[in-house]
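Got chain A sorted already, so can you dock chain B onto it with the hints?
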Amino acid sequence: MTAIALQPQVHPAVEGGLHLEVTDISRQTESIVSITFAAPEGGRLPSYVPGSHLVVQYGSGVNAYSLTGSGNAPSDYTISVLRVDEGAGGSVAMHRLSVGDRVNVSRPRSAFAPASTASHHLLVAAGIGITPILSHARAAVERGNTASMIYVHRPDAGAHVAEARKLLGPGLTALIECTNRGSFQSVLAEALITQPLGTHLYVCGPVVFMDAVLEEARSQGWSSARLHSEAFGAAELDAGEPFTVHLARSGVRLEVPAGVSLLDTLETAGKTIPNMCRKGICGECVLPVLRGAPQHRDLYLSDQEKAENTTMMCCVSRSNDPELELDL
Amino acid sequence: MSSTIIETDPDAALLPERIRRFPFPFASDTYRYSANVEPATKTAPTEAGSWGTHLVDIDEHYLEELAERAKVLDRDASRVNVLPHMRPSVWDALTTLLSSMADDYPDTMSYHREGNTCRWHNGLQNLDIEFTVGDDSSLPGGPMRFLGSQIQDDIILLDVREDTLWLDAGLVTFAADWSFGFDVGMNFMEIHHPVPRVKEERIISRAQQFLLRLQPGEQFRRTNWTLTIGRRLDTSTETYPEWGPDRSTIADDPAMPEKLHLRVEVQHLVRLPHSGALLFLVRTHLLPLSDIARVPAWREKMGHVLAELPDDMAEYKGIIRYRKAASDWLLAR
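For the protein sequence lines, the chains are A and B, in the order given.
Everything in the first sequence is counted per the numbering used here, starting at 1 for the first residue and increasing by one.
Everything in the second sequence is counted per the numbering used here, starting at 329 for the first residue and increasing by one.
Treat each hint with caution, since some may be false.
On the chain B side, residues computed to face chain A include the following (Cβ under 7 Å) [to be verified]:
| # | residue |
| --- | --- |
| 1 | Ala-405 |
| 2 | Asn-409 |
| 3 | Pro-416 |
| 4 | Asn-450 |
| 5 | Asp-487 |
| 6 | Arg-489 |
| 7 | Arg-541 |
| 8 | Gly-545 |
| 9 | Glu-546 |
| 10 | Gln-547 |
| 11 | Pro-601 |
| 12 | Gly-604 |
What the simulated footprint calls covered on chain A by chain B, stretch by stretch (three residues with Cβ under 8 Å from a Cβ of chain B suffice, anywhere in the stretch; the number is not a length) [stated by the list, open to error]:
| # | stretch |
| --- | --- |
| 13 | 64 to 77 |
| 14 | 90 to 99 |
| 15 | 114 to 120 |
Each computed DMTMM-like pair below joins lysine to aspartate or glutamate, with the alpha-carbon atoms no more than 25 Å apart [what the hints assert, rightly or not]:
| # | chain 1 | residue 1 | chain 2 | residue 2 |
| --- | --- | --- | --- | --- |
| 16 | B | Lys-652 | B | Glu-570 |
| 17 | B | Lys-587 | B | Glu-345 |
| 18 | A | Lys-306 | B | Glu-518 |
| 19 | A | Lys-166 | A | Glu-15 |
| 20 | A | Lys-166 | B | Glu-442 |
| 21 | B | Lys-370 | B | Glu-345 |
| 22 | A | Lys-166 | B | Glu-566 |
| 23 | B | Lys-370 | A | Glu-15 |
| 24 | A | Lys-306 | B | Glu-490 |
| 25 | A | Lys-166 | A | Glu-142 |
| 26 | B | Lys-587 | B | Glu-396 |
| 27 | B | Lys-587 | B | Asp-435 |
| 28 | A | Lys-306 | B | Asp-357 |
| 29 | B | Lys-645 | B | Glu-518 |
| 30 | B | Lys-370 | A | Glu-284 |
Note that these hints are calculated values from the structure, not bench results.
Every residue gets a Cβ at the ideal spot worked out from N, C-alpha and C, and that includes glycine.
Pulled out of the complex, with its shape left as it was, chain A reads as follows:
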């Protein structure tokens, strides 16, 4: 094991994943770059479900990025990254990658899958949200399904526009680009009332954008079962109120301050909690709750499970009661 200690440490979120080489970099817009990874020894990579993402390690951190291909027996993986200078550093690190660099990535993870029974897919993207939407469009074309796309981007700043246009045909029946809010409003309003029966809607973009599209769809009578949104662009959660946890099995009491997660608090106290996304999506860090009502802020537990208050995702969820008792 001494030889391995010299290597940069593999982040838990990409453990059991793949070690890939950057084989291509292409600039999409001023702030968006596409990065292609392949196995250093060549050969096929695992297939993935359309709309999947890859967790990529940068230094000691990790970030999740949507894959843009259809996922059918690929020999490489392509992600596109929007540079966010005031972010946690992931996007800046991705923009520094060059051909030949090696990175640790997870296996593709699916959290935004197409519905197999949809009669038609209405795809709605804003900005960098085009990445999983492009994956959906490619898969629909390959599988002989139909899709139509609405893509909102700044004038002359649309990533992957040429690739989307190339898909137009019997599979991708429409591609409507909107470069201002007003035109998007009327395009969306029209689209929501003219889809074939059995259409599913998929939206990816900033949270406020997704919320607005979903709200508009619901108000037009779309059922939640036909609405899909990509979750991991989720906004930073607020700091929350401080609370206490009582670990029943170890007989320990810990204070969780505002702005510090329960997972961080437990890890600081020397507890090892399996975890992956640390964003309330993957479900790895589930903990059994014995007493108290958690403030569920995750995207993983079902409404029913949340109401039962017997489990919680300690990476994002907090407490509605001053004290929670955990089976730990």
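Below, chain B alone, put in the same frame as chain A:
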């Protein structure tokens, strides 16, 4: 459930392969339903040998069982069904399993894929074939029938939508007292509705949550069991008149030790990589009591399990009329 350390009997090397490779399911003297899932392809030791190294298990009955399946399918077309939206997941299952078999049995099988063009060689069947992923007409009988001609397992595909699993495709010729044709289109909770106890114990809803959370590429397995009279693989609802009556005569049959088989299903649960559908494989193994009795630890455990099994579970498994006779025979040895 307490864990037991399994030690292989030193005399086991002398036993025939059908016993050494048999997936004996009982770890203790009692049996209850549980969500007994574990990671797939981990070799599981038994007192007589081991099992479970490969996802697709090929044994001495390979050709004979595939011939039996072909006969069942010729007689009854309702044993295979693929709802239209499941076509991509059938191809996903086929490419996943052929590739896995080629890795596990390199001496007899090979699989190559270039784009959507695939070549498959199966030396056990003297078969070389080229096909195109997505083109149903490129394989004899379509991809589901073809997959059913390459593996001994029954095949079930569950679609994932609305946070629920839906049995929307499959090829099932060796069902243990259920009807595939009846269940097609049902969801996971509906399928398991008749199973006693599990509703109260929330086992099925927890199992479904677990399955829904599997990420593409993940593989798990579990075992299930019942008893079958004769070496009969097709004990489906459809053929009940052929095998049902044996249940009332077997207890008094002097040939019971040779006729009555422990039927073990090794069930694999695979979240398919591209479609995201859940592939459920059921591989049936049959071993007569006379063979079970050749392994002292098996004889004893199975004897006690049959004696202790609560009536509602014995009734559901269809063994209530003869389980005492079987238990008495095993424990008297």
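Hint-by-hint comparison with the structure:
Given hint, Ala-405/B at the interface with chain A, is violated; its Cβ is 23 Å from that chain's nearest Cβ, farther than 7 Å. Taken as an interface hint, Asn-409/B does not check out: its beta carbon lies about 15 Å from the nearest beta carbon of chain A, beyond 7 Å. Look at Pro-416/B: its Cβ gets to within about 5 Å of chain A, closer than 7 Å, so that hint holds up. Interface restraint check: Asn-450/B against chain A, minimum CB-CB distance 21 Å, threshold 7 Å, status violated.
Contact between Asp-487/B and chain A, as hinted, is supported at the beta carbon level, the nearest pair being about 5 Å apart and thus within 7 Å. For Arg-489/B, the suggested interface contact is upheld, since its CB lies about 5 Å from the closest CB of chain A, less than 7 Å. Because the beta carbon of Arg-541/B sits about 6 Å from the nearest beta carbon in chain A, less than 7 Å, this interface hint is met. Annotation: Gly-545/B was flagged as interfacial toward chain A, and the flag holds, the nearest CB pair being 6 Å apart, inside 7 Å.
Hint status for Glu-546/B relative to chain A: violated, with the closest Cβ pair at about 9 Å, above 7 Å. With a cut of 7 Å, the hint placing Gln-547/B at the interface with chain A is violated, because the nearest CB-to-CB distance is about 13 Å. Checking Pro-601/B against chain A: minimum C-beta separation of about 4 Å stays under 7 Å; hint holds. The interface hint given for Gly-604/B holds, since its Cβ lies 4 Å from the closest Cβ of chain A, which is under the 7 Å cut-off.
Here's how the stretch 64 to 77 of chain A fares: 3 of its residues keep a CB closer than 8 Å to some CB of chain B, so the rule of at least three is met and the hint holds. Taking a C-beta to C-beta cut-off of 8 Å, the stretch 90 to 99 of chain A contributes 0 residues in contact with chain B, too few for the three needed, and the coverage statement is violated. Check result for the stretch 114 to 120 of chain A against chain B: holds, 3 residues qualifying (beta carbon to beta carbon below 8 Å, three or more required). Our distance criterion of 25 Å between C-alpha atoms is met by Lys-652/B and Glu-570/B, whose separation comes to about 23 Å.
Between Lys-587/B and Glu-345/B, the direct Cα distance comes to roughly 19 Å. Compliance with the 25 Å bound is thereby established for this hinted pair. Taken as a hint, the Lys-306/A and Glu-518/B pair is honoured in the structure, with Cα atoms around 24 Å apart against an allowance of 25 Å. Between the alpha carbons of Lys-166/A and Glu-15/A the distance comes to roughly 36 Å, so the proposed pair goes past 25 Å and is violated. The suggested pairing of Lys-166/A with Glu-442/B holds, with an alpha-carbon distance near 23 Å, which does not exceed 25 Å.
A C-alpha spacing of about 19 Å is found between Lys-370/B and Glu-345/B, which places the hinted pair at or below 25 Å, so the restraint holds. Only pairs whose Cα atoms come within 25 Å are accepted, and Lys-166/A paired with Glu-566/B is rejected, the gap being roughly 51 Å. A distance of roughly 20 Å separates the Cα atoms of Lys-370/B and Glu-15/A; the hinted pair therefore holds under the 25 Å criterion. Using a Cα cut-off of 25 Å, the hinted pair Lys-306/A and Glu-490/B holds, with the two alpha carbons roughly 17 Å apart.
Between the alpha carbons of Lys-166/A and Glu-142/A the distance comes to roughly 13 Å, so the proposed pair stays at or under 25 Å and holds. With a CA separation close to 19 Å, the supplied pair Lys-587/B and Glu-396/B stays within the 25 Å bound. Between Lys-587/B and Asp-435/B, the direct Cα distance comes to roughly 35 Å. Violation of the 25 Å bound is thereby established for this hinted pair. The straight-line distance between the Cα atoms of Lys-306/A and Asp-357/B is roughly 38 Å, outside the 25 Å bound, and the hint therefore fails.
The hinted pair formed by Lys-645/B and Glu-518/B meets the criterion: a straight-line CA distance of about 18 Å does not exceed 25 Å. For a cut-off of 25 Å, the pair hint linking Lys-370/B to Glu-284/A stands: about 22 Å separates their Cα positions.
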